[in-house]
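Participant: Sequence:
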Amino acid sequence: MDVDIRTVEHELCRIPEVNAARIVTSEDGRPTEVHILASSEKHAKQVVRDVQSVAMATFGLELDRRVISVVQLESSSGNGNGNGASESPGSKGGADTDDHAPWEPRYDPTRTGEGHRIVVERVAPVRHGMASAVEVELRRGSVSAVGQATGTTAAASMQRIVASATLEALRELEPGTARVDVESAGVVRIGDRAIAVVTVIVVVPPYEEVMAGAAVVRAAGEHDAIARAVLHAMNRRIGTLGAG
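Read the sequence shown against this note's numbering and you will find it ends at 246, with the numbers running on by one and no gaps.
The hints are simulated quantities; they were obtained by calculation from the structure and are not laboratory data.
Where hints are given, some of them may not hold.
Keeping only pairs whose Cα atoms sit at most 20 Å apart, straight-line, the calculated DMTMM-like set for lysine to aspartate or glutamate is [said to hold, decoys possible]:
(1) K47 with E13
(2) K44 with D6
(3) K47 with D30
(4) K47 with D194
(5) K47 with E29
(6) K44 with E19
(7) K47 with D66
(8) K47 with D6
(9) K47 with E35
For each label pair, taking beta carbons as the anchor points, the in silico distance ranges come out as [said to hold, decoys possible]:
(10) V190 with E29: 16 to 22 Å
(11) E64 with T155: 36 to 42 Å
(12) S41 with R8: 19 to 25 Å
Positions of the beta carbon are idealized from the N, C-alpha and C atoms, including for glycine.
Assemble the whole structure, with the sequences as input and the hints as a guide.
Facilitator: Written as structure tokens, this is what we have:
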């Protein structure tokens, strides 16, 4: 395709609600993934439509809404350790369900435990030949929980293992998250920054809700960022799921 993708990304960032954009292409230059980091002022589905409109009107580039992933960061977010990011179920994959189902109250961290937000205490990956084990410790106030997961040493596998271990630790603090599973985990580059992005599936019959979280990779490394992205993804649902 005769389109400069970096120019498209720059143009998408001119949309008022879009803070960053990253387009991944196939060998023939066709967009296969479009990652958008946006504010929460506008509905995620409208952000997707705006992205499609700008790409088509400016470059004649047709973007399938199913490849567009929108992660929204709230302006009131704290240190990125579990609050402030969510993804509309329809912002990736094109589902037409509402973002805020009637059974989905907003999470207020002061309602749970000792009134403290859940944070990542440590992430400890251990390699044994072709196998890997990861231990993640989460903390809420004075209460800590440790989760473990195993898998292969492949880079993509390690990212998912870290996410799974984080969920295991989270289940000790919030038993209702037993109905949550990791869908995907990875690290993408947006501009000059590496961003950990995680999607999880929350099963509340008859619904299946997809949540997304993002965290900037800091000095602690991408595994720490993956763990924080899991908490980011679970922000709206922690404390609202029953243990059943």
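Participant: Now tell me if each hint is right for this structure.
Facilitator: Going down the list of hints, with the structure as the test:
A distance of roughly 19 Å separates the Cα atoms of K47 and E13; the hinted pair therefore holds under the 20 Å criterion. Between K44 and D6, the direct Cα distance comes to roughly 27 Å. Violation of the 20 Å bound is thereby established for this hinted pair. For the proposed pair K47 and D30, the alpha carbon gap of about 28 Å is over 20 Å, so the pair is violated. In summary, the hint linking K47 to D194 is not supported, as the alpha carbons are separated by about 26 Å, beyond the 20 Å threshold.
For the hint pairing K47 with E29, the CA-to-CA distance comes to about 28 Å; that exceeds 20 Å, so the pair is violated. Distance check on the hinted pair: K44 and E19 sit about 7 Å apart at the alpha-carbon level, within 20 Å; holds. About 13 Å separates the Cα atoms of K47 and D66, which keeps this hinted pair within 20 Å; it holds. A hinted pair counts as satisfied when its Cα atoms are at most 20 Å apart, and K47 with D6 does not qualify at roughly 25 Å.
For a cut-off of 20 Å, the pair hint linking K47 to E35 stands: about 16 Å separates their Cα positions. Checked against the hint of 16 to 22 Å, the C-beta distance between V190 and E29 comes to roughly 18 Å, which is consistent with it. At about 39 Å, the CB distance of E64 to T155 agrees with the hint of 36 to 42 Å. At roughly 22 Å, the beta-carbon separation of S41 and R8 lies within the given 19 to 25 Å, and the hint holds.
When held up to the earlier numbered hints, the structure conflicts with 2, 3, 4, 5 and 8 and fits the remainder.
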